[in-house]
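Join these two chains into a complex; the hints should help.
Protein sequences appear in the order of chains C and D.
If you use our numbering, the first sequence corresponds to residues 1 to 325, in order.
If you use our numbering, the second sequence corresponds to residues 326 to 607, in order.
No wet-lab data here; the hints were simulated from the structure.
Incorrect hints may appear among the rest.
Simulated restraints, written as ranges between beta carbons of each label pair [said to hold, decoys possible]: (1) C:Pro185 <-> D:Val588: 41 to 47 Å; (2) D:Val572 <-> C:Gly182: 53 to 59 Å; (3) C:Pro56 <-> D:Gly348: 38 to 44 Å; (4) D:Pro468 <-> C:Gly130: 45 to 51 Å; (5) C:Gly75 <-> D:Pro456: 48 to 54 Å; (6) D:Arg507 <-> C:Asp35: 55 to 61 Å; (7) D:Ile510 <-> C:Gly75: 28 to 34 Å.
In silico negatives: residues of chain C with every beta carbon more than 12 Å from chain D [stated by the list, open to error]: (8) Glu216; (9) Arg258; (10) Asp269; (11) Gly279.
Each residue gets a CB set at the ideal place from its N, CA and C atoms; glycine is no exception.
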Amino acid sequence: MSPAPAAAIAPPAARAGRRAPAELRLDRVSRWYGDVLALDAVDLVLGAGVTGLLGPNGAGKSTLIRLIVGLASPGDGHVLLDGATVRNNLDALARIGYVADGDGLYEELTARRFLTDQARLRGFAGAAAGARAEECLVRVGLEDAIDRRTGGFSKGMRQRLKLAQALLHDPDVLVLDEPLTGLDPVMRRDFIRIVRELGDEGVTVLVSSHVLHEVEAMTNGIVLLHHGQVLAEGTVGDIRDLLDKHARRIRVLTDRPRDLARELLAHDDLLSGLEMTEGGVILETLRPDRTCTQLQQLAARGQSRIFAVDPLDEDLASVFTYLVD
Amino acid sequence: MSANASRRPTPPAGWAAVRAAAGSCSAGALRGKRLLGLLALVGLPIVVQLVLLVWGEGRGSAFAAFAAHVDHHYLRSIIPLVLIFLGTAAFGDEWDGGTVNYMVGAPIGRGLIVIGRFLAAVRRALLLVLPALLLLYVLCLLPHEGAMAFYLADGVVVLAVVALTILAYSAVFLFLGLWLRRSIISSFIYVLVFEGLIGNLPSGFASVSISFHARNLLWRATDEAAFRPELLQQLGLEPPSATVSLVTLGVFVALFLFLSARVLARKEFTGSGQQAESAPGT
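So here's chain D without its partners, still in its complex pose (with noise of 0.2 Å):
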């Protein structure tokens, strides 16, 4: 310890840093072009039941519309695509804008710094989506009287899931931002091949997939058909209970943390905002 020590703060733990370092992303993948891609994405679905609206066609229930709306657009599109961008970006960003210095330079535990990454994500993801997703439920049963609260309660729960699965692909993506240099690239082609294609297979490879879980959390929590896993049934194949699918979820969260926390403190960087593979910056 240096006799200087007492005139510098002592560096942030725990909850302090992990705010501090929540806070010090950049602003920048909340903004521009970016934003508005996103905004676009996320208010599709409102666009879609504003057309149905006038046209005057209904799906199923007031609360079956918006279950399905969730279910095919929501956990299976537009929550991949969003933190795609939004979870790459917790890290990816700072290699792009040559800024990874000041995160990785401040004496905060690589575990925090990752954590306040990752709530960083999932906080801007929640801003997004949640509000698309309550002016939705209200478009869907405001038409129908007494829908909105009787259905409140099972709102709610869509809610949860959704959050819950946020920050499942929150921590996917985020990991892929901090351990590959082509990221998002690589998280468009988890999203389209795995989590699209085999996550979606009635075999052992969907009992691994984010959006499986979060579908058969639905379906378990709301006992609405829009959500029922029927080619699953078909097949005679017993969908996991909703415990197994919390705890699933809950392990991708942890597990991708850890690993990213893992890939942070091992990380070389030996240029300007470079990783190791490149070439000595001198």
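The shape of chain C in the complex, shown without the other chains (with noise of 0.2 Å):
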């Protein structure tokens, strides 16, 4: 599948938000290590609200990350924030925050003292830098933690702190790669929650991760990486409609499956394939829905009793699993 055209992702939650949305563009970006290419091309346009950036290990989407957040710079392309350049722009530096995927924290510090050196370098003063500490501190829920060593923090609370300095400036542009990692499932539920926020906030958030469920339950606007390539971009829903040429799986509970088996397989236009299970058949079909329409009807005949229908392939696992194959 070629790249996925540049479209503007943004949720409708994203829509109502307070500020003025900030445009993360990248125009044709490529980016090589040496004789091996980590970007090929990418273009992509980021706005307001969460977008997740998907793919799998040396898709090179910690590449595109330090590219947005100006920690390198393009072989080709161009990486632009409301049409300035990021790489070395004190203007955009200062608009953007950013969740590195390392556990770098310096260690002697406390939480406050961290992050109050890390509001003085975005431009709070004298006791507005330690206010605006415990403001960002307190919103991560670490204001237990507020006089502890970092050095002693677990890697949730880390996390989180992490976070927190992101979030010290109020940027229009929140970058997280790998942020749920380590993450208990309390911390990851709140952690969850801010990003939600400030996607509806108006922040443009693009969030990288490997726990697929996980972002999705953040945004439903995702970006798929290959091969330093966005095989697609959209909604959930957007990506589901690349997919007509891919069967999709139905998991049927039923009393009687090979009964159910037999009579779908009658229509043999609608299967491309069927595997019996404990209570049932697992269906492939091109046509879901006429699938479904027809395990309607077999219900209503009173052939087979059908206790539920459940899609298999939902989820961004079996989108990304289809778009790669």
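Structure, rendered in structure tokens:
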């Protein structure tokens, strides 16, 4: 599949946000490491709201993120924030918050001292720096650890502190590289809530992750990256529409799976595969709507009792697997 | 400019940015084993002087003894070694600790970041070295009645030259820490080979050695025999004037800070705390 055309991703919630949206545009961005092409002519436009950046290891996610936050320069193409180059542009950097995938913190500093120093780097002066630091620590739920040294922080606390650091200057663009790694379920829930809130406020948020269902919990807008190319972008629904050529899997729970299978196979234009399981069948169909209609008719005729019909591949993992295949 | 800008503070500029950059660096540079090692290094001449006091041996005049310590121990060895660690740590610790993103992601000019980190390294070096020198001054001159007051002006000059030397070495090692991945090894090679060997030769090479100009300044300013570049004079070569040495050390500082800012602006951060040579992080 060729790279998807650039299109602004702005979930409905974001459109109701309170701030002027920032537009992050990648224009034919490529990046090499020696002979290795890490990013290949990536075109992408991100608007307000949360966008998930998905791809397997080596897809180029972290490289893309480092170009977006100005830590590296593209070998070719442009990374633009509202039309201005990001790299070495102080005005652009002042609008970007970044949570890196690494674990680095100043271990000997307390959370308060670390964030106060960072606030000063962002322009908060005097007591305002400390006040802003405390405000951000409270927002990420670290109020009980404000005066603890970060060297003793758990992985989850570190991620929260890094998020607080990224929020200090109220950025228009927030870039999160694998932010959920190492968080316990409660922390994940809170982290996801904060990210969604930021998206709703109109912040342009880009989240990379390999934990697909968690990305889905944060956003409906995704970009799929593979071998340095944008494989697809849009909402999960948009991407599902791209999958018409791929069979979708439906699990049907029934009291008579063999009879059901026989009936369905009689309509051999519907199914591309069928698997018997305990208490039911798993169907592979190119035309899920017609298959479901057929199931309704079979149930209405009383030939089989159908207890449940579950689509198995509506999650992002399946979407990505289909597209890559 | 975004509409949200009114809710965001103006990025720091000028001195405020320099102060913020200086304050944001790792305090670990002066903690733990590293601090103990540096304290031991800086305090070694004090121990030597205490032993000499106990054994009752002197080394020329009271001030000459102090001058000899400064020349032989601090300018030639201790200050370069201390600055290898403090200078390279100004940026090197950021690579090692994976904290470089916080610094280079800040909306501060790269030159101001470099100056901030440079001043932080200088401050730490001065906090280590100057108290040791003051104590050494007291130990050397206290046994001689009235000597401390008599040589006070010379003592201040010595401290000023030491401070200038610290500035120059800080700039060099900060640059090496920013430019090279194995900066401590490279810095040792620089100190041992260039400053220690080539820089001591009576040739054109010496004129670009920090320690040579530092020692020349001491000699010119105090006229102490302990600092006299005898080898140079025996070879019929005229040592440079104090002005030349002063300007040369100033050029060292300016040149290496400029190069550091240039390197930082062009540096690629392609992995967690890694530099451009590393493989893609994804």
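Hint check results:
| no. | hint | in the structure |
| --- | --- | --- |
| 1 | C:Pro185 <-> D:Val588: 41 to 47 Å | 44 Å, holds |
| 2 | D:Val572 <-> C:Gly182: 53 to 59 Å | 54 Å, holds |
| 3 | C:Pro56 <-> D:Gly348: 38 to 44 Å | 41 Å, holds |
| 4 | D:Pro468 <-> C:Gly130: 45 to 51 Å | 50 Å, holds |
| 5 | C:Gly75 <-> D:Pro456: 48 to 54 Å | 51 Å, holds |
| 6 | D:Arg507 <-> C:Asp35: 55 to 61 Å | 25 Å, violated |
| 7 | D:Ile510 <-> C:Gly75: 28 to 34 Å | 31 Å, holds |
| 8 | Glu216 | 21 Å, holds |
| 9 | Arg258 | 47 Å, holds |
| 10 | Asp269 | 42 Å, holds |
| 11 | Gly279 | 41 Å, holds |
Checked against the numbered hints above, the structure violates only hint 6.
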